[in-house]
Amino acid sequence: MMNTAPLIRMANDIARNLAAGGQDAAISGTVQHIRDFWDPRMKAAILASDRAGLCPIAAAAVERLAG
Amino acid sequence: MGYEPQADFGTPRIDAAAEVSLTIDGRAITVPEGTSVMRAAALAGGNIPKLCATDSVEAFGSCRMCLVEVEGMRGTPASCTTPVAPGMVVATQTPRLEKLRRGVMELYISDHPLDCLTCSANNDCELQDAAAQVGLRDVRYGYAGANHLAEVKDTSNPYFSFDAAKCIVCSRCVRACDEVQGTLALTISGRGFGSQVSAGQAGDDFLSSDCVSCGACVQACPTDALNEKAVAEIGKPERSVITTCAYCGVGCTFRAEMRGEQLVRMVPWKDGKANRGHSCVKGRFAWGYAQHKDRIRSPMIRESIDQPWREVGWDEALAFTASRLTAIKAKHGPRALGGITSSRCTNEEVFLVQKLIRSGFGSNNVDTCARVCHSPTGYGLKTTFGTSAGTQDFDSVEAADVILVIGANPTDAHPVFASRMKKRIRGKDGQPGAKLIVIDPRRIDLVRSPHIAAAHHLPLQPGTNVAVLTAMAHVIVTEGLADEAFIRERCDWDEYQDWARFVADPRHSPEVLEAVSRVPAAELRAAARLYATGGSGFGAAQGRKPNAAIYYGLGVTEHSQGSSTVMAIANLAMATGNIGRPGVGVNPLRGQNNVQGSCDMGSFPHELSGYRHISGGATRALFEAEWGTALDSEPGLRIPNMFDAALDGSFRALYVQGEDILQSDPDTKHVSAGLAAMELVIVHDLFLNETANYAHVFLPGSTFLEKTGTFTNAERRIQMVRRVMQPANGAGDGIGKEGLEDWQVTQALANALGLGWNYANTAQIMD
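Chains as they are written, first to last, in the working numbering: chain A, 1 to 67; chain B, 1 to 767.
Any given hint might turn out to be false.
To be verified - In the DMTMM-like style, the derived pairs of lysine to aspartate or glutamate whose C-alpha atoms are separated by at most 20 Å in a straight line are:
1) K270/B / E484/B
2) K545/B / E484/B
3) K43/A / E634/B
4) K229/B / D138/B
5) K382/B / D36/A
6) K43/A / D648/B
7) K293/B / E311/B
8) K428/B / D25/B
9) K43/A / D632/B
10) K99/B / D138/B
Unchecked claim - Derived list of chain A stretches under chain B, where covered just means 3 residues or more per stretch with a C-beta under 8 Å from a C-beta of chain B:
11) 3–14
12) 52–64
Simulated from the structure, these hints should not be mistaken for lab results.
Each residue gets a CB set at the ideal place from its N, CA and C atoms; glycine is no exception.
One chain only, chain A, in its complex shape:
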């Protein structure tokens, strides 16, 4: 399994960049970004992580991806 530290950092960066548009849009945007740009093993790794370092928007996005 890939090291999740860089993935958590990237997810947080994406979430922070989209945060100005409001929480709902930021969560949707983060979900879409990960779907559009991440390799399957990256998605699998962040879904399997404990998600401890994720900011609230990124955590919500990963939660939505898991669902």
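Fit chain B to the supplied structure of chain A, relying on the hints for placement.
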């Protein structure tokens, strides 16, 4: 084609709508108003003798060789400084003119070495041509008088020499340095007989002066006074081929001037639409790597990276590579394989590499350095404008009234375009130039250099690009400087209002954001007003809206907020109506020669050619039908993630074309660890670079001089690259015996994997 110097019309082209008809030596001709008689004569097929005139610089009128007679006009005016007039009747060849010219030439030759046969400019010398043209047979004054024949030659510059003994002090070099390059490194020192070309201050030579070795002076020199050392060493070229430089995103077109298989010199092509006849030191002189002794010319393989390399023929190298790729794919799946395309290679080569990875390796693990440097441009401009490229060509800068440079240092990184920009900033014929705004933490040359001074320099803190641009937008919106008519006609009004509300929020004012950016609020407000209005002096006198253009580079894109900054730039341009005509727009200055093209060709792990997302079923179906294989619907790994995956064991083989990732990518330890963890690293390059320390296969590449194809420059202009010499990588008795261009190597590897490609040339790839 055989060797012919490029035609010289004597004075620059005039772009005027009105035309003038006149008669020259009995021939009727119609030319744009303002054209010189000299240029009109040349366009009519004539050839008025000249020495101080050349069409890269403005007319000077000093040599008195180009005199003509004009009916109804007294005397013998210089044709270079005399504009055409309706009904003018000109004679360029009369007994009176012949006598005058011969007398002038006699004076020139009386103080010039008579060593034509051993001169490196022999048969490529305008002084020699002009002497023949005027029929000079002897010099009545003799050669014993005071002269300059014992002047010491300046050989300090590594690329060219200056021989004052052969200089006729025509000032073409000085004017080229002033007008074309804009460095103003040269001058004429002394007076009268003591006049001579000088580089820099007293005591300077060319190397210690401000000269940047762009070669404009050498190109302008009509004699051997300034000449390339390579010409002296190799001899006069025999033929020339037009091709495109492989250094930066400007995409200068050159004449590669050859003698046999040997490159003698690269001379900027005056018809090149990106460079308009100019060059920088790299394109002009730094091509020695093509024939450097350290180039690797044979394929090499090794079982593991602790073993020495073993030179082999192409057949063995390709078979070794294919068998290893096939074994890794069989054991670990297609997503364990990937590759990196090169923004230094041609569009056709990039296309084939990404095709090989997607259709041959079976994954979308393809990436490029161009994603690192300019994917924010692709994403930001596609989001705002609908297309992943800038909005202007380079000529557009000539119509700009305000130039905003952010996160770019054109004089260092894009010198040929910078020269054009500086020319516009300096102004011409007494007309004011463009006003300049520089947003950069550094005090770059453009902030203040000879005849250039930025109206505003905003030395922001690194990482605050978005804050500064948002503050500028705040000023434009809150002070009523937005172009509402343009926005209503050309943009989405509702979205504009959302944006305007956001930027107008007091927390985005220059005064509040000064704490973050450390840019003085008053200076930022003044810069925003200048960008939006053209300044207080702009108005009814011009009878038009001011043109404001934004140029940006890696100081914008190579940040985590790069895409947001690009979109902020695009929003500024749209809000002020600075889109859609010459002199305005959003202009990304691309780094390498084919950054734009490598992105266009589909080098990103989530996109096929033309920026079409890999998840689109219809898009994939198009490519699957064309390529005859199924494609992975999931995005692949980007370069840093390839190393992450290599360390976890899920990524095991990498094909790297034309990029030294160990030196150029961030986090070298991570890169080296990732490379060391792979089972197969294939490096396809010119030299045994740092990445090759971790490679199992080295495939020798070909330089831009050895290949045919296209590069796409920062303007998105697609330009031809033409092969001027044989690839130096011939090896073995089979395929590749005569050398292979890079696209041929990729095709050979694809065929070793059983893909059955049969491109006969690069045109078939582009088609």
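The hints, checked one at a time:
1. K270/B / E484/B: violated (41 Å)
2. K545/B / E484/B: holds (13 Å)
3. K43/A / E634/B: Roughly 11 Å separates the two Cα atoms, so the pair holds.
4. K229/B / D138/B: violated (31 Å)
5. K382/B / D36/A: holds (15 Å)
6. K43/A / D648/B: Holds, at roughly 15 Å.
7. K293/B / E311/B: Holds - the C-alpha atoms of E311/B and K293/B are around 16 Å apart, at most 20 Å.
8. K428/B / D25/B: violated (32 Å)
9. K43/A / D632/B: At roughly 16 Å apart (the allowed maximum being 20 Å), D632/B and K43/A satisfy the hint.
10. K99/B / D138/B: holds (13 Å)
11. 3–14: Contact hint for the region 3–14 of chain A vs chain B: holds, 3 residues under 8 Å.
12. 52–64: violated (count 0)
The earlier numbered hints that this structure contradicts are 1, 4, 8 and 12.
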